[in-house]
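Same order as they appear, the protein sequences are chains A and B. Counting from 1 along the first sequence, just add 2 to a position and that's the residue number in the numbering used here. Counting from 1 along the second sequence, just add 43 to a position and that's the residue number in the numbering used here.
No wet-lab data here; the hints were simulated from the structure. The C-beta atom is built at its ideal place from N, Cα and C for all residues, glycine as well. Some clues are possibly wrong.
[What the hints assert, rightly or not] The list that follows gives simulated cross-link-like pairs (lysine-lysine, DSS-like), each with its CA atoms no further than 30 Å apart: (1) B:K250 <-> B:K260; (2) A:K24 <-> B:K424; (3) A:K78 <-> B:K427; (4) B:K177 <-> B:K151; (5) B:K250 <-> B:K162; (6) A:K78 <-> B:K177.
[What the hints assert, rightly or not] Label-pair restraints from in silico Cβ distances: (7) A:E196 <-> B:S408: 31 to 39 Å; (8) B:I304 <-> A:E90: 57 to 65 Å; (9) B:E92 <-> A:K122: 48 to 56 Å; (10) B:R58 <-> A:E192: 37 to 45 Å; (11) A:G177 <-> B:I376: 53 to 61 Å; (12) A:K122 <-> B:T379: 25 to 33 Å; (13) B:S408 <-> A:E90: 36 to 44 Å; (14) B:K427 <-> A:E90: 18 to 26 Å; (15) A:D75 <-> B:Y420: 54 to 62 Å; (16) A:E148 <-> B:K88: 34 to 42 Å; (17) B:S408 <-> A:G119: 47 to 55 Å; (18) B:V332 <-> A:R63: 23 to 31 Å; (19) B:V332 <-> A:V226: 33 to 41 Å.
[As the list claims (entries may be wrong)] Stretch by stretch, here's where chain A covers chain B in the computed footprint (C-beta under 8 Å, at least three residues): (20) 48 to 57; (21) 339 to 350.
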Amino acid sequence: MKGLDIVRLEGVEKTYLMDRVKVPALRGINLSIEKGDYVSIMGPSGSGKSTLMNLIGALDRPTKGRVFIEGRDISKLSDNSLARIRREKIGFVFQQFNLIPRLTAIENVELPMWFAGVPKVQRVKRAAELLKLVGLGDRMKHRPTELSGGERQRVCIARALGNDPEIILADEPTGNLDTKSGEGIMRILEELNERGKTIVLVTHEREFGKRANTIIKIRDGRIVG
Amino acid sequence: MLQYIELSLKNLSYRKARAILTTLGVIIGITAVVSMVSIGEGMTKAVREQFEAFGTNKILVTSTMEYGVRGKGLTDGDVSNIEDIVGVEFVSPMYSVAAGGEFKGEEKVITVWGLDPGKAERTFSDVGGYRLLKGRWLEPGDRNVVVLGYRVHDDFFKSKVELGNSIKIQGEKFRVVGIFKETGDPEHDEAVMVNIDKLRELMGREKSVTAIVVRVKPGYDVDEVRQKIEDSLERRHEGVEFDVFTSQQLINAISSSLKVIQVVFGGIAGVSLIVGGIGIANTMIMNVVERTQEIGIMKATGATNSQVMRIFLFESGVFGFFGGMIGVLIGYIISTIINELAENYLGPGVLTTAVTPSLAFYAISFAILAGVISGLYPAYKAVKLDPVEALRA
Ligand SMILES: Nc1ncnc2c1ncn2[C@@H]1O[C@H](COP(=O)(O)OP(=O)(O)OP(=O)(O)O)[C@@H](O)[C@H]1O
Ligand SMILES: [Mg+2]
Chain A
3 MKGLDIVRLE
13 GVEKTYLMDR
23 VKVPALRGIN
33 LSIEKGDYVS
43 IMGPSGSGKS
53 TLMNLIGALD
63 RPTKGRVFIE
73 GRDISKLSDN
83 SLARIRREKI
93 GFVFQQFNLI
103 PRLTAIENVE
113 LPMWFAGVPK
123 VQRVKRAAEL
133 LKLVGLGDRM
143 KHRPTELSGG
153 ERQRVCIARA
163 LGNDPEIILA
173 DEPTGNLDTK
183 SGEGIMRILE
193 ELNERGKTIV
203 LVTHEREFGK
213 RANTIIKIRD
223 GRIVG
Chain B
44 MLQYIELSLK
54 NLSYRKARAI
64 LTTLGVIIGI
74 TAVVSMVSIG
84 EGMTKAVREQ
94 FEAFGTNKIL
104 VTSTMEYGVR
114 GKGLTDGDVS
124 NIEDIVGVEF
134 VSPMYSVAAG
144 GEFKGEEKVI
154 TVWGLDPGKA
164 ERTFSDVGGY
174 RLLKGRWLEP
184 GDRNVVVLGY
194 RVHDDFFKSK
204 VELGNSIKIQ
214 GEKFRVVGIF
224 KETGDPEHDE
234 AVMVNIDKLR
244 ELMGREKSVT
254 AIVVRVKPGY
264 DVDEVRQKIE
274 DSLERRHEGV
284 EFDVFTSQQL
294 INAISSSLKV
304 IQVVFGGIAG
314 VSLIVGGIGI
324 ANTMIMNVVE
334 RTQEIGIMKA
344 TGATNSQVMR
354 IFLFESGVFG
364 FFGGMIGVLI
374 GYIISTIINE
384 LAENYLGPGV
394 LTTAVTPSLA
404 FYAISFAILA
414 GVISGLYPAY
424 KAVKLDPVEA
434 LRA
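Only chain A is shown next, with the shape it has when bound in the complex (with noise of 0.2 Å):
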């Protein structure tokens, strides 16, 4: 079964410092995610899901514990290395879009495959393949000031696509959205899990929560359920 766990945490904890005062984020998570499994975060605010999310695609170091991608430690890894997995590994759609506004539609989501030196041509092609993918293909030379919210996050979806990552993390696409473009969202990532993508979820939405095959409940920097 371990075999399978595409994501594993062990005895995870992550701890700020804050002006001296120790601010715990997560007290020791233990969490295995299958391969191709659609899982959905849920907690109050404060309670540790952006931390979590953010060990689990290699953008930070726990201070205590363990993180697993595809069975390899990545707690100790370098700066370099830590960014070769989020390259190929990782997909980050964010709650607040974070495209780069100089950029249009099409370049940002060329953006991943750019840092993984993909040449120009094919770059170009599979970045307008993924706009279509979402729905976008008329909207490619659009800057993300000329795009509404819901387009923005279809862009942030192309973009995770980029280079073809097993795994989603989704920091709640649909805080931003009305419920229909928040609809269409949800409904573009579990595509993308039929596909065989996995995909983690963080919403506040119980509704949309409560679609995933897993459900972690999250309190306190515990897992509770």
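Following the hints, put chain B with the ligands in place on chain A, whose structure we already have.
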């Protein structure tokens, strides 16, 4: 590489006004470098050309002491000694003095060059670039005849001195047989040329020589001949100061003092480039702060530290590149204007400044380098940003 250029151009074009202001310092610095160096080079070239007119196969012997004053200066004896040295083609002694001149009752001190009449033309037509305007050179057998520098003919005296007129030197009459073209150098244009023996007689300095021009035979080493001349002079005049120059030495001496000027100019330009670099660094730090979130995005989407580093270094390098390009362009314009001015006021071909391709290349490379160096610290700051913190910004 190409993709970095593409990305940094996009970033720069996003804030055009700021980009232009940022490059201003570099533009000024490079403009200064390019115009200074091109002017300096033009000056060096001008000097070199003047000396090359003297000919690289010539040696000039001068003494700070005149024979007779303490009995130790150059004399006819030295001239015949030098004539015997192997490799010497011909030797032309000169005697120059400030003498009393008089024309139509007007008395003025005038520089008089005494030359061997048979050698005057050979010596001076290629040494000083003297060309006749009217009449002829001194010829063997000439005694009381004179060839005038242009100004002496034109406006040195109240009335013009023409061919066939006579002027008095030290009270004795000399008939004008030739007039030189204007050289632009008053030292030459306000002098006259007479027979050396006649002049020394007049001045009571029968054997005295102030300078000797030596021409080296083709195929002989100029420096070797110069050494032999020095040795021979030292044997005859113990402890006397005299100078033996080859034109190459003169060129080198003057070129190196021009180099000093260029280095000083370069220093000034360098300082303005540093100021320009600080401007770039400042803008780049601002960029890094403004784009903190973006740096977070780049890292989240898989940028390594060295990629982030390169993105920011490229941007600052591009600042330098554009500053350099514009600077070279303005420098070129300035250099062209100076050329025009020099041509109008100094005459054609006297001072020709040039922005050579290699100067442009070095200036632009230097500007890029300055940009990249200025970007090091800001880029380092970008690299050091924690991706999680950056994303939250
Ligand atoms: N960089 C940081 N420095 C200090 N404390 C932090 C930092 N990041 C998070 N925290 C703290 O860690 C705890 C968990 O934060 P986290 O962002 O993971 O919560 P969250 O569950 O994502 O909340 P929300 O639902 O509001 O996004 C909070 O108490 C937060 O204040
Ligand atoms: Mg959060």
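Structure versus earlier hints, numbers of those that do not hold, lowest first:
6, 7, 12, 15, 16, 17
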